[in-house]
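When you get a sec, could you build the whole thing from the sequences and use the hints?
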Amino acid sequence: MSDQTDWLEWVRRITTGDADAETELVRRYKDGIAVIIGRIVHNESVKEDLSQDTFRIALEKIRKGDVREPERLSGFICSVARNVALDYVRRMRRATNREEIGNAEQIGDPQADQFEQLWRKERAAVVRQVISELKIERDREMLFRYYIAEEDKDQICAGLGLTSQQFNSVISRALKRFKELYLKRFDKF
Amino acid sequence: MDHEQINQLDLIDRYLMGKLPAEESTGFEEHFVDCPQCIARLQTTNRFLQDLRFVTVEQALQINTRQPRSAFRRFLQRLFHKPLALAIGCLLIAAFAGAVFVNTQRLRTEINQVRGSSEQWQRRYEDERQSAFSTDRKHQETELQLTEQLRALEAKLDDEQAQRARMAAAFSRRMRPEGNLPIFILTSVRGSEPNASEGANKVILPRSSAMFAFSISLEGDLRFENYRIRIFDHRHRLIWKSRRLTPDRYSSLSLGFKSDFFLPGPYSLIVEGDNKEGRWDVVGNYPFLIVNHP
Numbered sequence: 001m002s003d004q005t006d007w008l009e010w011v012r013r014i015t016t017g018d019a020d021a022e023t024e025l026v027r028r029y030k031d032g033i034a035v036i037i038g039r040i041v042h043n044e045s046v047k048e049d050l051s052q053d054t055f056r057i058a059l060e061k062i063r064k065g066d067v068r069e070p071e072r073l074s075g076f077i078c079s080v081a082r083n084v085a086l087d088y089v090r091r092m093r094r095a096t097n098r099e100e101i102g103n104a105e106q107i108g109d110p111q112a113d114q115f116e117q118l119w120r121k122e123r124a125a126v127v128r129q130v131i132s133e134l135k136i137e138r139d140r141e142m143l144f145r146y147y148i149a150e151e152d153k154d155q156i157c158a159g160l161g162l163t164s165q166q167f168n169s170v171i172s173r174a175l176k177r178f179k180e181l182y183l184k185r186f187d188k189f
Numbered sequence: 190m191d192h193e194q195i196n197q198l199d200l201i202d203r204y205l206m207g208k209l210p211a212e213e214s215t216g217f218e219e220h221f222v223d224c225p226q227c228i229a230r231l232q233t234t235n236r237f238l239q240d241l242r243f244v245t246v247e248q249a250l251q252i253n254t255r256q257p258r259s260a261f262r263r264f265l266q267r268l269f270h271k272p273l274a275l276a277i278g279c280l281l282i283a284a285f286a287g288a289v290f291v292n293t294q295r296l297r298t299e300i301n302q303v304r305g306s307s308e309q310w311q312r313r314y315e316d317e318r319q320s321a322f323s324t325d326r327k328h329q330e331t332e333l334q335l336t337e338q339l340r341a342l343e344a345k346l347d348d349e350q351a352q353r354a355r356m357a358a359a360f361s362r363r364m365r366p367e368g369n370l371p372i373f374i375l376t377s378v379r380g381s382e383p384n385a386s387e388g389a390n391k392v393i394l395p396r397s398s399a400m401f402a403f404s405i406s407l408e409g410d411l412r413f414e415n416y417r418i419r420i421f422d423h424r425h426r427l428i429w430k431s432r433r434l435t436p437d438r439y440s441s442l443s444l445g446f447k448s449d450f451f452l453p454g455p456y457s458l459i460v461e462g463d464n465k466e467g468r469w470d471v472v473g474n475y476p477f478l479i480v481n482h483p
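One line per chain: the protein sequences are H and A, in this order.
Each step along the first sequence adds one to the number in my numbering, with nothing skipped, and position 149 is 149.
Each step along the second sequence adds one to the number in my numbering, with nothing skipped, and position 224 is 413.
Watch out, some of these pointers could steer you wrong.
Below, a list of computed lysine-lysine pairs in the DSSO-like style, where the Cα atoms sit at most 27 Å apart [to be verified]:
1) H:Lys-121 x H:Lys-184
2) H:Lys-47 x H:Lys-64
3) H:Lys-47 x H:Lys-61
4) H:Lys-121 x H:Lys-179
5) A:Lys-208 x H:Lys-179
6) H:Lys-30 x A:Lys-208
7) A:Lys-208 x H:Lys-153
8) A:Lys-208 x H:Lys-176
9) H:Lys-47 x A:Lys-208
Derived DEER-like restraints, expressed as beta-carbon distance ranges [what the hints assert, rightly or not]:
10) A:Glu-308 x H:Gln-114: 36 to 42 Å
11) A:Gln-248 x H:Ala-158: 23 to 29 Å
12) H:Arg-138 x A:Glu-317: 26 to 32 Å
Hints in this document: simulated from the structure, not taken from any laboratory.
Virtual Cβ for every residue (Gly too), placed ideally from N, Cα, C.
Next comes the structure, spelled out in structure tokens:
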């Protein structure tokens with residue numbers, strides 16, 4: 001996909017105010033940008049606002065000719081998204097005077113509203129079902145040690161007598177089942 | 190960055206769990222931001238991770254709130270029925286609480302130490318992994334460079350061998366005994382400076398012969414015991430000088446040259462005799478014109 005893109009032409013079209021080129025930029029990068037911002041900021045509504053800010057800033061910079069290497073447009077968009085999210089976290093820290101928080105990436109959702117809480121509970125049911133469908137206790141333990149305790153993969157494999165391939169297979173099956181159930185229940189991510 | 194590499198290095202999980210070093214994280218972002226396949230996997234894994242965390246927290250809260258309350262109630266009910274047991278119980282509780290407090294402090298310190306140590310190990314592991322990665326890359330680059338150098342040296346060696354073979358062939362051709370060696374008899378011009386362009390001695394060198402010879406007749410002028418010969422080009426630059434020569438029994442001096450020694454053009458050959466007083470007297474001039482065989 002990226003290899004076939006005429007980056008120079010695309011950037012030139014955005015610079016000249018071509019609305020189609022701008023729409024294409026948003027369509028192509030919005031999901032990736034949401035992942036980058038979502039890793040830093042965990043509030044859904046804030047995430048959406050920051051995504052919009054990212055595209056606004058990126059388009060302004062492109063129009064001003066700040067993108068000197070059009071073939072590195074993806075990297076440029078990523079850096080704008082990161083800066084926007086980190087800037088938001090810094091502002092939040094100053095506003096709440098939470099100097100004790102060391103890791104900006106760990107700042108979570110400060111106030112989940114009722115809808116959010118309800119939605120989380122709905123989603124939790126899906127995870128519970130996935131876990132309950134894992135018939136082997138070892139597989140459940142593996143998931144918790146890997147994703148919750150964040151233990152090293154090699155350490156878990158050594159402890160449970162698993163090969164890397166078996167480990168990947170359990171994770172892959174769990175994620176696949178989770179996706180199936182999730183989409184069945186909520187239609188989309 | 191390709192998908193095989195992403196799977197092998199568990200980049201999706203490590204990215205979402207914040208375990209990737211900044212540089213690697215940036216590189217991965219630049220890839221997946223434009224890769225629908227990776228985005229789909231990131232979305233699924235991220236959602237699963239978040240929801241699993243939520244479920245775990247929820248379960249932990251339920252365990253903390255349910256179990257102590259019911260046990261505590263049963264304990265209180267028993268105690269209030271027996272005052273002596275209550276007093277002993279209070280003392281035991283105080284002692285137990287003290288022990289628990291001390292033990293908790295000790296455990297907390299140990300946990301902090303272990304956590305610190307664990308973080309150090311994790312950092313060290315990341316550093317070493319990065320270092321191994323860059324070393325491996327450097328090794329590959331060096332290997333590539335060495336292969337290129339080896340290739341260049343092999344090509345150079347081939348060239349030199351070919352050149353040596355050509356030279357050996359030419360040398361052996363020249364070293365072959367030769368029949369019909371061209372011998373040119375030079376005659377002298379007496380009196381004024383010779384005009385070489387007139388071609389008093391025209392030397393036409395055949396292509397087939399690697400060597401040729403000059404025979405210089407002294408024409409009876411045998412005043413000297415030793416002679417020497419000097420050859421000048423048309424600009425009067427000395428291009429060759431002989432050692433001391435003694436005439437043969439035909440009163441001639443002989444010189445042999447390779448065919449390619451002279452470029453085509455006029456030359457002047459001067460024969461001089463040793464007068465034994467430290468000087469050389471001119472015996473004769475022998476101008477000649479070198480012409481290559483057409």
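Hint by hint, here is what the structure shows:
1. Between H:Lys-121 and H:Lys-184, the direct Cα distance comes to roughly 16 Å. Compliance with the 27 Å bound is thereby established for this hinted pair.
2. For the proposed pair H:Lys-47 and H:Lys-64, the alpha carbon gap of about 26 Å is at most 27 Å, so the pair holds.
3. Straight-line distance between C-alpha atoms of H:Lys-47 and H:Lys-61 comes to about 21 Å, which keeps the hinted pair within the 27 Å bound.
4. Taking the CA atoms of H:Lys-121 and H:Lys-179, the gap is near 17 Å; set against the 27 Å cutoff, the hint holds.
5. As the CA atoms of A:Lys-208 and H:Lys-179 are separated by approximately 24 Å, the hinted pair is consistent with the 27 Å bound.
6. This hinted pair checks out: H:Lys-30 and A:Lys-208 have alpha carbons roughly 24 Å apart, not beyond 27 Å.
7. For the suggested pair A:Lys-208 and H:Lys-153, the alpha carbons sit about 12 Å apart, so the restraint of at most 27 Å is met.
8. This hinted pair checks out: A:Lys-208 and H:Lys-176 have alpha carbons roughly 23 Å apart, not beyond 27 Å.
9. For the hint pairing H:Lys-47 with A:Lys-208, the CA-to-CA distance comes to about 22 Å; that is within 27 Å, so the pair holds.
10. In this structure the hint that A:Glu-308 and H:Gln-114 lie 36 to 42 Å apart at CB holds, the actual value being about 37 Å.
11. With their beta carbons about 27 Å apart, A:Gln-248 and H:Ala-158 fall inside the hinted range of 23 to 29 Å.
12. Range check, H:Arg-138 to A:Glu-317: Cβ separation about 30 Å, and the 26 to 32 Å hint holds.
Against the hints set out earlier in the document, no violation occurs for any number.
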